[in-house]
Amino acid sequence: MAVHKRRVLAAGFAATALAAVAACSGGGGGSGDGENVEITLLVQTGGTGPAWGEALIAAFNEEHPEITVTMNSQPGGTEGDNLVKTKLATGEMEDVFTYNTGSLLQAINPDQNLVDLSDQEWTDSLIEPFIPVVSTENGLYGAPNGTSQAGGILYNIPMYEELGLEVPTTWADFMANNDAIKAAGHTAIIQTYGDTWTSQLFVLGDFGNVAAQDPDWAEGYTANERRYAEQPALQSFLNQQEAYEGGYFNEDFASALFDDGLRMVATGEGAHYPILSGGVSTISQNYPDNIGDVGFFPLPAQEEDDTRATIWLPNAVYIPSTTEGEELEAAKLLVEFVNSPEGCRLQVELNVPAGPFATSLCELPADVPQATQDLQVWVDNELANPALEFVSPIKGPNLENITVQVGSGISTAEEGAALYDEDVIKQAQQLGLDGW
Amino acid sequence: MRRRAKIRSVVVGTIAILLSVIVFIVPFAFIFLMAGKTPAEASLFGFSLPTEWALWENITEVLTIRNGLVVRAFINSTVITVLSVTLMVIFAAMVGYVLQRRRSRWNPTVNFLVLAGLIVPPAVVPTIWVMQALGIFKTIPGMIFIQATFGLSFCVLLFRAFVSTIPKELDEAATIDGAGPLRVFFGVVAPLLRPAMVTVVVVQAVNVFNDFTGPLYFLPGDENATVQLTLYNFQSQTLNQWNLLFTDILLITIPPLVMYIFFNRQIVAGMTSGAVKG
Amino acid sequence: MAQAVIDPGVTKKRRSVRSIYPTWFYLPAGLLYVVLFAIPTFASFYFAFTRWSLQDVEFTGMQNFITFFSEPQLRTGFINTFIYGFVTSGFKVVLGLALALLLTSQLIARGYLRSVVFFPVLVSAIGVGITFKVLMDPFDGLINSSLATLGITGPAWLTDPQWALFSVALIDVWKGVGIATLIYIAGLAAIPTEYYEAAKVDGAGGWKNFRHITLPLVRPATATVVLLSLIGGLRSFDLIWATTRGGPGFTSDVIASVIYKQYQAGFYGLSTAGNVVLFIVVTAIVIPVSYLLNRREVER
Chain A
1 MAVHKRRVLA AGFAATALAA VAACSGGGGG SGDGENVEIT LLVQTGGTGP
51 AWGEALIAAF NEEHPEITVT MNSQPGGTEG DNLVKTKLAT GEMEDVFTYN
101 TGSLLQAINP DQNLVDLSDQ EWTDSLIEPF IPVVSTENGL YGAPNGTSQA
151 GGILYNIPMY EELGLEVPTT WADFMANNDA IKAAGHTAII QTYGDTWTSQ
201 LFVLGDFGNV AAQDPDWAEG YTANERRYAE QPALQSFLNQ QEAYEGGYFN
251 EDFASALFDD GLRMVATGEG AHYPILSGGV STISQNYPDN IGDVGFFPLP
301 AQEEDDTRAT IWLPNAVYIP STTEGEELEA AKLLVEFVNS PEGCRLQVEL
351 NVPAGPFATS LCELPADVPQ ATQDLQVWVD NELANPALEF VSPIKGPNLE
401 NITVQVGSGI STAEEGAALY DEDVIKQAQQ LGLDGW
Chain B
437 MRRRAKIRSV VVGTIAILLS VIVFIVPFAF IFLMAGKTPA EASLFGFSLP
487 TEWALWENIT EVLTIRNGLV VRAFINSTVI TVLSVTLMVI FAAMVGYVLQ
537 RRRSRWNPTV NFLVLAGLIV PPAVVPTIWV MQALGIFKTI PGMIFIQATF
587 GLSFCVLLFR AFVSTIPKEL DEAATIDGAG PLRVFFGVVA PLLRPAMVTV
637 VVVQAVNVFN DFTGPLYFLP GDENATVQLT LYNFQSQTLN QWNLLFTDIL
687 LITIPPLVMY IFFNRQIVAG MTSGAVKG
Chain C
715 MAQAVIDPGV TKKRRSVRSI YPTWFYLPAG LLYVVLFAIP TFASFYFAFT
765 RWSLQDVEFT GMQNFITFFS EPQLRTGFIN TFIYGFVTSG FKVVLGLALA
815 LLLTSQLIAR GYLRSVVFFP VLVSAIGVGI TFKVLMDPFD GLINSSLATL
865 GITGPAWLTD PQWALFSVAL IDVWKGVGIA TLIYIAGLAA IPTEYYEAAK
915 VDGAGGWKNF RHITLPLVRP ATATVVLLSL IGGLRSFDLI WATTRGGPGF
965 TSDVIASVIY KQYQAGFYGL STAGNVVLFI VVTAIVIPVS YLLNRREVER
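Protein chains in written order, with the working numbering: chain A, 1 to 436; chain B, 437 to 714; chain C, 715 to 1014.
Looking at chain A on its own, in the form it has when it is part of the complex (with noise of 0.2 angstroms):
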């Protein structure tokens, strides 16, 4: 267990890393004594998971040639999460792979589960706010794989010129420009709900400004003192459901897809899409000449003052507790390989970043999109907070069906959020949370 020998990184890459890596790196290529192994790694087949993990493991491979990585590819989403559960809870987990942090990798049970990471150097190089989210009281479980992103708007630069707008700081300029924007036939806020997930943003894109009024609501939420039922949370529900009754929403809204939305914000369909910045990547692959025309903003607060960035990290590879001996060894230099400079510059040069890095080894390319650029100004100012799913391990699985309830007006606000009030606690049972 004891921390191995450092490989050197390929010299045309050893110029950028920090004298840290460099100081540490060792002699050449081979390994000491020259066995091969083989390990496994496993990415999420959505987007561009597997082309990412064929780059990353020819790239590393240039360094170590000793060691065999073999690609595994399955579904992402719900039904990935379940895989993963169900393969560690038999056993049968590849000695690398990717997956969430913050709440959705307490549901894993790290400390049974996973390797413990905190001895390794480029943990000391982590950006402050991601360490709790790969981490329990015990150890830290992951490396950082990707760029972080924001939960908030994503709007249509060419149109606001138009109309002569201004990127709104409180929720009734943001209204008022919806008035604007709908009163000059355009649709004003895209909504996507046939990828049900996209429903939620107004909800958990919120998250920075109730935060911002009540610095204590995750920890609260998470000792069952806190409710979405009331104030500030609620105001969440009641902002998509004004949204939705001010019929500022694109005709197709119950049926488009999140491609969809991210057209119709590139190309001026529509002017307001509240997402994930990550969005940014897809537009500038399917629709690379529209990637200037998008521009960022957070989700505005009822008051200026509490306005936030709502910050999602990026997700992380790791090592699970099956994997031992020569293939743990070779399995945690593979996780180091991800978090050098080289391992980022693959990261980002598949998925376009849609926000800063959760490591300090690594640096964003200067030709990042603008909406990317909006949201660093937003980061740069300390005006920003984490996700829920980030500070507190409460996740309720039914809230992207009751947040298109409530954007659909199937439901009111009220009634959304005592639903998902409920729907947390099975979570937070199973979860063996004090208080529930």
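I should point out that these hints are in silico values taken from the structure, not numbers from a laboratory. It is possible that part of the hints are untrue.
Stated by the list, open to error - As a list, the in silico DSBU-like pairs of lysine-lysine whose alpha-carbon atoms are at most 35 angstroms apart:
| hint | chain 1 | residue 1 | chain 2 | residue 2 |
| --- | --- | --- | --- | --- |
| 1 | C | Lys847 | A | Lys182 |
| 2 | A | Lys395 | A | Lys426 |
| 3 | B | Lys574 | C | Lys847 |
Given chain A's structure and the hints, the job is docking chains B and C onto it.
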């Protein structure tokens, strides 16, 4: 009278053909047309001929993506389907035969277990534990046994009903001629079960070939991919690739279709003598 | 095609009562069933009484059942399950019989029609789900754009809370009617023609024939269709999952999809308890129905 019947046959037949085209042919044509389009055109979802046929390019792309994942999936799915269906047909026929022929105290229990097999959903994690203990988890043979097990109930129901139409005198005559139980079953009864077997083979082959959750949980790993999993993968792409998604649907529907056309005639014969006797 | 499972031990034994229907014929199937189905299923029933994270198990008694019955979506789930199960079986019986009558009558292109009705059975639920989501798209979808050319504004099918469950049921019928038709064709073919000839002598025809000969005599086929589609319909969620995922909101949730969502959320004990409940409910419906169908048959 004959003439009237003939006219009626043509008129009703024509109406039926028209309706069948709208209800059954159009969705399949739609899949085919989508598979022939370019990404941009496919994302419009129109029911129109592609302005530029890209069917071959799409097929090539689907087959070569991820180093031929789809091809590997085809091979795996075919192997699993053929072998598991063979197992379940033989095993279930043996059960159905004895269950129908022999009145014993076992019968109510067996009948209940068969029904339970149809109604109770399999328990994923305990099943994996058992498979691990046997060393067949994540293996093609393991998947074959699982599919054969999950298909047994349906097959037994069908065979039990069918065996009742075969005169008992045949087995008795063969026994008097000195044949043992195996010879009686495989030499005399099994050949007569052929029509029912064809039915079971078609229905179960389609079920196994089209199964998604079974392979997802019991056969993880890319070298073990099966066809429905590839479909799921295409679906979860965020890129606009509706043309490839539909090409994949088209490709993986072809084997069941070919098999069905091949067995079509005998299916009805099998149904005629079997399934309906309850 | 079969390689015989030769067991010399048995043939040699020759017990006092020698049966030509040996019990050991149950053995191969029984072995698979017990090892890969019965044992895991029984093991899982224990977990219905626990809070289970796949690794840690805590015995909680009946708590899961209490939680399951207090699920807010359960009422809708139960109602939808019954609607879905009975609507799909009803349609399959009526349409299946009608199609079978049509396809056994003198008709041009009968072979083609018989084949084409069965085609949808061959496509996987995922494939059907993807295709119909596109076809039923409220705006660009083929169905509504065709209706529009006729001057009809089609509903939003899968995304309208009023229509979603019904739309999935329609797709289910489309996909499953082929099997019902096939079973009915077989049932009709088994009716001896003498009955119809006798009826002709009596001067009966058309509706009377159907009412007094066909309908009673295809009862076994009806029983098979009803049972298979009822079990399928009450348990079904794969098509619902491939199209609406129980949505919009919870409007097309059935019990099976509620259970699946609990499973996905990691509530393994709870979802196992749900499966036990579903098993009891399905059995409670299917066994009386099966008894009723078979008893009437005997009385005849």
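Checklist entry - Which hint numbers does the structure go against, in order from smallest to largest? => result none
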